[in-house]
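*Asks:* Sequence:
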Amino acid sequence: MFKKWCLFIFVLILFLTACSNNDSSELAESTADEQAEAPQDFSMANKEDSRANNLQTESAVENDKNANDSSNATETEVANRKIIYNASLTIETSNFTEATKFIEEETLKKGGYIVSSQASQHQEEKTQQGSMTVRIPAKQFQSFLTILDEGNMKVQEKAVSGEDVTEQYVDLTARLEAKEVVEKRLLSFMEKAEKTEDLLKISADLAEVQEEIEQLTGKIKYLENQSDFATIDLYIKENNTSLPSVQNESASTWEKTKEQFKESIQFLVTLVSTIFVFLIGNAPIIVLLLIIFVITIVLLKRRKKKKPDTN
-17 MFKKWCLFIF VLILFLTACS NNDSSELAES TADEQAEAPQ DFSMANKEDS
33 RANNLQTESA VENDKNANDS SNATETEVAN RKIIYNASLT IETSNFTEAT
83 KFIEEETLKK GGYIVSSQAS QHQEEKTQQG SMTVRIPAKQ FQSFLTILDE
133 GNMKVQEKAV SGEDVTEQYV DLTARLEAKE VVEKRLLSFM EKAEKTEDLL
183 KISADLAEVQ EEIEQLTGKI KYLENQSDFA TIDLYIKENN TSLPSVQNES
233 ASTWEKTKEQ FKESIQFLVT LVSTIFVFLI GNAPIIVLLL IIFVITIVLL
283 KRRKKKKPDT N
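If you read the sequence shown in the numbering used here, its first letter stands for residue -17, the second for the next number, and so on.
No wet-lab data here; the hints were simulated from the structure. One or more of the hints may lead you astray.
Lysine-lysine pairs mimicking BS3-like chemistry, simulated, CA-CA at most 25 Å apart [said to hold, decoys possible]:
| hint | residue 1 | residue 2 |
| --- | --- | --- |
| 1 | Lys92 | Lys203 |
| 2 | Lys161 | Lys92 |
| 3 | Lys108 | Lys203 |
| 4 | Lys64 | Lys140 |
| 5 | Lys136 | Lys108 |
| 6 | Lys121 | Lys136 |
| 7 | Lys136 | Lys91 |
| 8 | Lys203 | Lys161 |
| 9 | Lys108 | Lys244 |
| 10 | Lys91 | Lys121 |
| 11 | Lys83 | Lys140 |
| 12 | Lys108 | Lys219 |
| 13 | Lys64 | Lys161 |
| 14 | Lys166 | Lys136 |
| 15 | Lys83 | Lys121 |
| 16 | Lys91 | Lys140 |
| 17 | Lys219 | Lys136 |
| 18 | Lys161 | Lys140 |
I would like the entire structure built from these sequences, with the hints used as guidance.
*Replies:* What follows is the structure in structure tokens.
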């Protein structure tokens, strides 16, 4: 009996030992599996993080690109605007001839041209003054004004203005495109027209559309010309700052005296000539008036003499 119990206990111990070994092996396997899966999960996480970073980078680059495109579009829109520039300047210079020559040379250098130029001389001060109208490319407008400010001339007054005609230009261009489409349709209808009435009607409509196209084209060209070239009106006056010497002053006084003497002699001659012409030309009337005057005096004297006799 005792042997049986000992055998039973021994078998039980073996059984428990086997179970504990199985559990430890399973635990080791599970730990090994977890350790093997951990790097994979970590690598997957790293891949996902890198993908997210790449997406963020791509989106940032795309946003920067869109921002650059929008900024470039804005710059292009600003550059394509139609603005008419005008300026009016009053310039004072010590040498009128040199000033006008300088303005003409700078105008040609900037690619512009002279519209009008006129000059006059002041007789008393012996100075010149005049006006010029020049047209300068719009891109060279500000630089041209800067050259005039920094030159040997003195800008006394300056007025600059600009008129934005972009909307008007775009509207005219759109209307022109629409009219050209109508013109093409009318031309195609004219080719297909078989009746004379239809042909005449289409011809009348086509002539009206073509006239409108010419008017729109003229307005567009005018706005293009006015916006491509700025108009600058210049009024130039010469300021003579030179002081005359004593000799020149005495010579000027003698010249003035001679001129005054000549004028006095001429006045006397003119007065005598006028009186002579008046007397000779009106001699009959003067003689008649003298006769009437003498007769009147004689009659008055006779009347005075007769009055005492009657008393």
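*Asks:* All the hints need checking, so say for each whether the structure fits it.
*Replies:* Against the structure, the hints come out as follows:
1. At most 25 Å may separate the alpha-carbon atoms for a hinted pair to count; Lys92 and Lys203 meet this at roughly 22 Å.
2. With a CA separation close to 37 Å, the supplied pair Lys161 and Lys92 exceeds the 25 Å bound.
3. Under the criterion of a C-alpha separation no larger than 25 Å, the hint pairing Lys108 with Lys203 is inconsistent with the structure, at around 44 Å.
4. For the suggested pair Lys64 and Lys140, the alpha carbons sit about 23 Å apart, so the restraint of at most 25 Å is met.
5. The suggested pairing of Lys136 with Lys108 holds, with an alpha-carbon distance near 20 Å, which does not exceed 25 Å.
6. For the hint pairing Lys121 with Lys136, the CA-to-CA distance comes to about 24 Å; that is within 25 Å, so the pair holds.
7. As the CA atoms of Lys136 and Lys91 are separated by approximately 21 Å, the hinted pair is consistent with the 25 Å bound.
8. Restraint check for Lys203 and Lys161: satisfied, since their Cα atoms lie roughly 16 Å apart, inside the 25 Å limit.
9. For a cut-off of 25 Å, the pair hint linking Lys108 to Lys244 stands: about 23 Å separates their Cα positions.
10. In summary, the hint linking Lys91 to Lys121 is supported, as the alpha carbons are separated by about 13 Å, within the 25 Å threshold.
11. Taking the CA atoms of Lys83 and Lys140, the gap is near 20 Å; set against the 25 Å cutoff, the hint holds.
12. Simply put, Lys108 and Lys219 have alpha-carbon atoms about 12 Å apart, close enough for the 25 Å limit, and the pair holds.
13. Between Lys64 and Lys161, the direct Cα distance comes to roughly 22 Å. Compliance with the 25 Å bound is thereby established for this hinted pair.
14. For the given pair, Lys166 sits about 58 Å from Lys136 by alpha-carbon distance, which is inconsistent with the 25 Å threshold.
15. A distance of roughly 22 Å separates the Cα atoms of Lys83 and Lys121; the hinted pair therefore holds under the 25 Å criterion.
16. With a CA separation close to 22 Å, the supplied pair Lys91 and Lys140 stays within the 25 Å bound.
17. Straight-line distance between C-alpha atoms of Lys219 and Lys136 comes to about 10 Å, which keeps the hinted pair within the 25 Å bound.
18. The hinted pair formed by Lys161 and Lys140 fails the criterion: a straight-line CA distance of about 43 Å is larger than 25 Å.
Going through the hint list in order, the structure does not satisfy hints 2, 3, 14, 18.
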